[in-house]
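Colleague: Given these sequences and hints, build the entire structure.
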Amino acid sequence: MEKLFGADAERGSQSEDQSECDTSAVPSGTEARLGFLKANLNPTLESISYYLPICDPFYLWRPEDGSTAPMEEKEKEALYSTIQGFVGKWWNVSGLYPDPCGWTPIQGVSCDLFDNGMWYVTTIIIGPIFDNSLKCSKQAEFSPYLFELRNLRSLSIIDCFSSQPVTIPFHNWNKLSSTLQTMEFRSNKGLTGEIPPALGQLVNLKSLVLVENSLRGELPWELGNLVSLKRLTLSANQLSGQVPSSIGAKLAELLIMDISSNSLCGPLHSSLGGLTSLLKLDLSNNLLSGNLPPELCKLKNLTLLDLRKNNLTGGLDPSLAGMVSLEDLVLSKNPLGGSIKEIGWRSLKNLTHLDLSNMGLVGEIPDSITELKKLRFLALDNNQLTGFVTTKLAAMPSLTALYLNGNNFTGELGFPEEFYRRMGRRFASWRNPNLCYKIGAGNTTGKGPAGVDRCVSEGEGAVYGVDLENNLGSEGTTQGSESIGSFGFSAYSITRFPWPTFLEVVVIHFLLSLM
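Under numbering that gives the first Met the number 0, think of the first position of the sequence shown as 0, with each following residue one higher.
Hints listed in this document are in silico derivations from the structure and should not be mistaken for laboratory results.
You can trust all of the hints, since none of them are fake.
With a straight-line Cα cutoff of 27 Å, these simulated BS3-like cross-link-like pairs (lysine-lysine) come out:
id : residue 1 : residue 2
1  : 308       : 332
2  : 437       : 391
3  : 332       : 297
4  : 249       : 229
5  : 279       : 340
6  : 88        : 188
7  : 299       : 340
8  : 348       : 372
9  : 391       : 348
10 : 340       : 297
11 : 279       : 372
12 : 73        : 88
13 : 249       : 174
14 : 373       : 340
15 : 372       : 299
16 : 279       : 205
17 : 297       : 373
Modeller: Shown next, in the form of structure tokens:
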């Protein structure tokens, strides 16, 4: 077999014609040898040392015609140096992968053949994605040779920087501006510092994903220069300041914008209305304040708006009804206040998920919400809503979760027992002190929702052969429908009326003894 790596100096005294090399375990024939390598050789130092007893791993199979994928030498050296920056300079990349775009490919590295007949690196993925992916060293860093890979289209660094702090390079991104389309740095707890303004030079970038790192500081205004951007995801960092107006003013092609779980503050700029192609907007878990900008109504293609867990105020803006494509609207845990009837819910006919919990909303549930035939999830809990709970909610064809707890609803829950059975734990109405559930109209077993007591009707008083309202005297309760039930008093009655007098108790026991 032909020597490939020229690494005798690193391996000690073994030589090219070493007779002790046992090749019996390696099958003969091109296809058989290739199958053996794919099945047995994991390109790590540990696996290579494991196969030393079988055969010198630097005497492996190569194409019989001796061909390789032609690469410019400076391209190959830039690749090797870039990888060494991540995995460690001790790593013998050139020895293990002499033909990185050909018969010794590097896991996570892809190449393309260009018109000049040469192969160039177009994709680099570093991190524990596959079993044999290259893993970063504790001293991982960005090598300046990264910017010499002038045909690089996609760069992904995942779970790499974890020990010592590393910052994103502030310069030289212009060298990749004509080719780089995708950048993803994910789950790098050691990746700190600010987002470099120079990233705005990547005018062909279509996807910028910087997620679950430790990036801090304000968003650079220059992000607005990424006019080809389709996806901007900067969630789960420590970013602060306002959302730059340049993003809304210039990124007309943006489809996904997610800057959730940071420390962004200040109001939402009206320029967000310029993101007319936007499908998903997630700014949840920040410190945003001020009113909802009416310009949001211009986002006709938006399917998800998630602004939960901020400090937004000023009520529900009626303009929200203009986002006719909305499927998920999540505004919970904002002190917005105001009436729930501010929005013409009927126009949001595509809604499937509506979360308005913990917002300080007032008023009654509008019938227009019950006309949303696609709605599956409705959360109105922990507000100050009042009035009766309409039975039309039970007739909504897609509804599978309904949360009404923690409000001031009154009267009877007239839902059929089948509704409670279908909802199960996905229905909640407790902590409405003046609310009770009704037996009858499909609810015949007396099983109602947790935390809500059964209503006491006037007809139940007649069961005992006496009109309790008229025979208990002036000291009796004032409403027979809320007096006695199930041989006692409901929590609903107790919270609104005084306990029974001694005379009432005597009369009740007398009536029961006659039955």
